[in-house]
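Protein chains in written order, with my numbering: chain A, 1 to 199; chain B, 1001 to 1199; chain C, 2001 to 2199.
None of these hints come from the bench; they were simulated from the model. Every residue gets a Cβ at the ideal spot worked out from N, C-alpha and C, and that includes glycine. One thing to keep in mind: the hints can contain errors.
To list a few chain C residues with every Cβ distance to chain A over 10 Å, as calculated [as the list claims (entries may be wrong)]: (1) D2076; (2) V2078; (3) L2099; (4) D2151; (5) R2188; (6) D2194; (7) E2195.
So, partial list: chain B residues that the calculated Cβ filter (under 7 Å) puts toward chain C [said to hold, decoys possible]: (8) F1008; (9) H1010; (10) P1011; (11) S1017; (12) F1029; (13) D1046; (14) G1053; (15) A1126; (16) C1172.
The primary structure of each chain is shown beneath.
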Amino acid sequence: MTAESDLFVHPQGLCESDEVGPGTRIWAFAHVMKGAVVGRDCNISDHVFIETGARIGDRVTIKNQVMVWRGVEIGDDVFVGPGACFMNDAYPRSPRMALPAVAARYSDETRWLLRTRVETGATLGAGCLVLPAVRIGAYAMIAAGAVLTRDVPAHALVAGVPARRVGLVCRCGARLVAIRGAVRLCPRCDEKYDERAGG
Amino acid sequence: MTAESDLFVHPQGLCESDEVGPGTRIWAFAHVMKGAVVGRDCNISDHVFIETGARIGDRVTIKNQVMVWRGVEIGDDVFVGPGACFMNDAYPRSPRMALPAVAARYSDETRWLLRTRVETGATLGAGCLVLPAVRIGAYAMIAAGAVLTRDVPAHALVAGVPARRVGLVCRCGARLVAIRGAVRLCPRCDEKYDERAGG
Amino acid sequence: MTAESDLFVHPQGLCESDEVGPGTRIWAFAHVMKGAVVGRDCNISDHVFIETGARIGDRVTIKNQVMVWRGVEIGDDVFVGPGACFMNDAYPRSPRMALPAVAARYSDETRWLLRTRVETGATLGAGCLVLPAVRIGAYAMIAAGAVLTRDVPAHALVAGVPARRVGLVCRCGARLVAIRGAVRLCPRCDEKYDERAGG
């Protein structure tokens, strides 16, 4: 998957993975761990952290300081805004504490690891928090600062703490306007959507 | 503007701009990009990111992990708390996706770039989020974790998600107390304010 | 306290303190300042910042990007989630501004520095914000994105903006279930708690 000649890593960036696609750029103080998978033509901004076991598709934009953990899978064409944060453990404790129940839990990944999936073309706004095991549908848009506690349908615009649906967006990101019944129109690119068809 | 003899850059910091004023200190793992303008006697803390096109005044304190994008202008004497985050795009998508409407939008900065302005002496609390195109008035104070969706008047104290006005503060940062009619007093430095005069 | 042979610092990490315990690991782009105290067998993740005057116990897990300031004391066995942020100043202004009241305030640490304490075994969720002078009780659990404005009792689960109590958790992190009167049971490790006894 890697064409090293075509992969750019900033002199102050750190790429330990050999599964990063061609055309991808990794910027200063970013850290891509061994075993992390990143597709082609991505932009991995300053101070980003991508953990072993994370999977990221093609043409993805990961803005500054985003942390992508083991168990998080990000589809193609996704935008993850600055400071957005994923999680993979619903009730974390310090694995170092001397408590048998905690030691047992962290001795086996299947007991604590929850998986999160972001579908094609979605946008995660700045500083949003994605609780573990949430699924974000294709082309959904998460407002800045939203705390996601439930799955988000395709094309939904969600906002707030906890996040609730406040509208619908086009593939291009513009808000859809209602024209008749369940039919929605994108004012920017004239694409039509039928809400009953689920996007 | 730059007096290199007088500018401190930590050995692990990265300063590519030649428009940083004397007396300014840039700390470890911070990154000031080429073309970013930073005034004199500022403190740019660890893990801060200042993008090409950002403008920062004199005597500004930028705490750890703050990200200042192109289109953001920060006046003199401002305090930006740790992890506070600006934005410059209201409906972002990954510019790399193969969708003509998205490609067109990102081919021309005037179609997506929104400008944010922070006036003299304001304080942005830890982890607050500033939606694009917001203007923060002089000496305003934004509470930790607030999400700013609207302009903030001078001297206002705002808090919450979305942020609402909950009080007024003095230039020194202390909360003003009502003494009579629209007259407010600072209990720390005895300065008087008339709310009708707008600060 | 330090056994340098036993302390791991990543080649891209920065440890200036000589008060870090054996078995502790400090990862890439993390910065532990001179005079910061960190116990033994801790994990200090990427992009963490620990300031002079901060104190951290043993077996503590500090996830990525956490900032621990002077005045913050963290007990043993604590888990601090990614992007969680402490504070130590209730009404900050840029100390560099030319205003006598501000200069006087920052000339003397006792005028502005507030102290925060996290007790043994507590968990701070991802992206939570801890206002200055808050005390977090032993084994308490703070939900992701919570904004803590008040003290949190031992074993309490708190969530929201501002954070409110929504349940109780066991030392192991599982939510307690009510069985009779004030008696609570941990479904994972069968430990019993009497709420009247305060944990």
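Hint by hint, here is what the structure shows:
1. D2076: 8 Å, violated
2. V2078: The assertion about C:V2078 is violated, with a minimum of 6 Å to chain A.
3. L2099: With a cut-off of 10 Å, C:L2099 remains clear of chain A, as the shortest Cβ separation is near 31 Å.
4. D2151: 21 Å, holds
5. R2188: 6 Å, violated
6. D2194: 19 Å, holds
7. E2195: 19 Å, holds
8. F1008: 14 Å, violated
9. H1010: For B:H1010, the interface hint is violated, since the closest Cβ of chain C sits about 9 Å away, which is over 7 Å.
10. P1011: Since chain C brings no Cβ nearer than about 9 Å to B:P1011, farther than 7 Å, the hint is violated.
11. S1017: This interface hint is violated because 19 Å lies over the 7 Å limit.
12. F1029: 5 Å, holds
13. D1046: 5 Å, holds
14. G1053: 22 Å, violated
15. A1126: 5 Å, holds
16. C1172: Constraint on B:C1172 satisfied, holds at 4 Å.
Hint violations for this structure: numbers 1, 2, 5, 8, 9, 10, 11, 14, all remaining hints satisfied.
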